[in-house]
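*Asks:* Sequence:
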Amino acid sequence: MRGMAGREAREVLKPLKESGALNFPELLKGDDLEAMAEAITEGLFGEVDFMKKDTMDRFLDFVYFKVQTGYVHVPNLAYPTKRMRETDMERKVIELINYHLYPEIIFRLLKMFTRNMHDPDTNLYIAYLIESDDIIRSLFETYKLFKKDIFNPDHDRRALNVKRIQQFSPWSDNKLSSPLDKAAILKYVLEFISMKRNVSHIFTKEDLLLAAYP
Numbered sequence: 782m783r784g785m786a787g788r789e790a791r792e793v794l795k796p797l798k799e800s801g802a803l804n805f806p807e808l809l810k811g812d813d814l815e816a817m818a819e820a821i822t823e824g825l826f827g828e829v830d831f832m833k834k835d836t837m838d839r840f841l842d843f844v845y846f847k848v849q850t851g852y853v854h855v856p857n858l859a860y861p862t863k864r865m866r867e868t869d870m871e872r873k874v875i876e877l878i879n880y881h882l883y884p885e886i887i888f889r890l891l892k893m894f895t896r897n898m899h900d901p902d903t904n905l906y907i908a909y910l911i912e913s914d915d916i917i918r919s920l921f922e923t924y925k926l927f928k929k930d931i932f933n934p935d936h937d938r939r940a941l942n943v944k945r946i947q948q949f950s951p952w953s954d955n956k957l958s959s960p961l962d963k964a965a966i967l968k969y970v971l972e973f974i975s976m977k978r979n980v981s982h983i984f985t986k987e988d989l990l991l992a993a994y995p
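So in the working numbering, spot 72 of the sequence shown is number 853, and the numbers just go up one at a time.
Calculated directly from the structure, the hints in this document are not laboratory data. Among these hints, one or two may not hold up.
[To be verified] Listed below are the simulated DSS-like cross-link pairs for lysine-lysine, each with C-alpha atoms no more than 30 angstroms apart in a straight line: (1) Lys834 - Lys863; (2) Lys863 - Lys925; (3) Lys977 - Lys929; (4) Lys925 - Lys834; (5) Lys873 - Lys863; (6) Lys810 - Lys873; (7) Lys944 - Lys986; (8) Lys892 - Lys977; (9) Lys929 - Lys892; (10) Lys892 - Lys986; (11) Lys968 - Lys929; (12) Lys863 - Lys892; (13) Lys929 - Lys944; (14) Lys956 - Lys892; (15) Lys873 - Lys892; (16) Lys892 - Lys925; (17) Lys986 - Lys925; (18) Lys863 - Lys977; (19) Lys925 - Lys944; (20) Lys929 - Lys956; (21) Lys986 - Lys834; (22) Lys863 - Lys968; (23) Lys986 - Lys863; (24) Lys944 - Lys834; (25) Lys956 - Lys925; (26) Lys944 - Lys956; (27) Lys810 - Lys863; (28) Lys944 - Lys810; (29) Lys834 - Lys873; (30) Lys834 - Lys810; (31) Lys986 - Lys968; (32) Lys810 - Lys892; (33) Lys925 - Lys810; (34) Lys956 - Lys873; (35) Lys968 - Lys834; (36) Lys986 - Lys929; (37) Lys956 - Lys986; (38) Lys956 - Lys834; (39) Lys968 - Lys944; (40) Lys929 - Lys873.
Sequences and hints are given; from them, build the entire structure.
*Replies:* Structure (structure tokens):
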């Protein structure tokens, strides 16, 4: 029965995929999360154009928009965020991000967080949806990498790892890719996640201290 349901779901998704541009509101009306993830990830294996966003980038943009236009959620005054108004859609998005789109989603999340220069507090809109230990661990490992880069005396090498994750050219302005700034951004995200759930098996508050030598 599950196999038949899966085939039927894929038949429904077929015209959405063939159109060349996924309609995410329509896509998320379904119940087959595996088929949804397949529809999103298929776009990653087409023609690569670093100047354009792929389907997973656009999916995260859509999720960000839905949360941004949702309602205010303040679990702590230091960490204000927002949540989707559509609870069923939020549930599906959480499952997609944490389980069905892993591991491909990790790089896109890191790119989104590190590129958000003008309003990084809104990274919490997406951070609220993160539950997977694997994703949290990847965020923490990237934070540690940036923290080490802060002490690199070479200006270009210091910014190189950040630029790679941001998908910026190595010749872009180093000011846009400061490891200190990006470490602080990830620190804020990780602090928020640690407030939501127990992550002591991944990192502690002391591990997030920027003042401590790595």
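*Asks:* For every hint, state whether the structure bears it out.
*Replies:* So, going through the hints one by one against the coordinates:
1. Lys834 - Lys863: holds, 24 angstroms
2. Lys863 - Lys925: holds, 27 angstroms
3. Lys977 - Lys929: holds, 27 angstroms
4. Lys925 - Lys834: holds, 27 angstroms
5. Lys873 - Lys863: holds, 17 angstroms
6. Lys810 - Lys873: Roughly 9 angstroms separates the two Cα atoms, so the pair holds.
7. Lys944 - Lys986: holds, 27 angstroms
8. Lys892 - Lys977: Between Lys892 and Lys977 the Cα gap is close to 23 angstroms, so the pair holds against 30 angstroms.
9. Lys929 - Lys892: holds, 19 angstroms
10. Lys892 - Lys986: holds, 24 angstroms
11. Lys968 - Lys929: holds, 14 angstroms
12. Lys863 - Lys892: Between Lys863 and Lys892 the Cα gap is close to 20 angstroms, so the pair holds against 30 angstroms.
13. Lys929 - Lys944: Roughly 15 angstroms separates the two Cα atoms, so the pair holds.
14. Lys956 - Lys892: Distance ~16 angstroms between Lys956 and Lys892 Cα, so the pair holds.
15. Lys873 - Lys892: holds, 22 angstroms
16. Lys892 - Lys925: holds, 16 angstroms
17. Lys986 - Lys925: The hint holds at about 13 angstroms.
18. Lys863 - Lys977: holds, 14 angstroms
19. Lys925 - Lys944: Roughly 16 angstroms separates the two Cα atoms, so the pair holds.
20. Lys929 - Lys956: Distance of about 17 angstroms is within 30 angstroms: holds.
21. Lys986 - Lys834: violated, 35 angstroms
22. Lys863 - Lys968: holds, 19 angstroms
23. Lys986 - Lys863: holds, 24 angstroms
24. Lys944 - Lys834: Given that 30 angstroms is the threshold and the Cα spacing comes to 16 angstroms, the pair holds.
25. Lys956 - Lys925: holds, 20 angstroms
26. Lys944 - Lys956: holds, 11 angstroms
27. Lys810 - Lys863: holds, 21 angstroms
28. Lys944 - Lys810: It is violated: about 36 angstroms lies between the C-alpha atoms, which goes past 30 angstroms.
29. Lys834 - Lys873: holds, 22 angstroms
30. Lys834 - Lys810: Answer holds: Lys834 to Lys810 is near 23 angstroms, not above 30 angstroms.
31. Lys986 - Lys968: holds, 10 angstroms
32. Lys810 - Lys892: With Cα atoms ~27 angstroms apart, Lys810 and Lys892 stay inside 30 angstroms; holds.
33. Lys925 - Lys810: Distance ~38 angstroms between Lys925 and Lys810 Cα, so the pair is violated.
34. Lys956 - Lys873: violated, 37 angstroms
35. Lys968 - Lys834: The given pair, whose Cα atoms are some 26 angstroms apart, holds under the 30 angstroms limit.
36. Lys986 - Lys929: Status holds; Cα separation ~17 angstroms.
37. Lys956 - Lys986: Given pair Lys956, Lys986 holds - Cα atoms ~28 angstroms apart, limit 30 angstroms.
38. Lys956 - Lys834: Given pair Lys956, Lys834 holds - Cα atoms ~23 angstroms apart, limit 30 angstroms.
39. Lys968 - Lys944: Holds, because 18 angstroms separates the two Cα atoms, which is no more than 30 angstroms.
40. Lys929 - Lys873: violated, 36 angstroms
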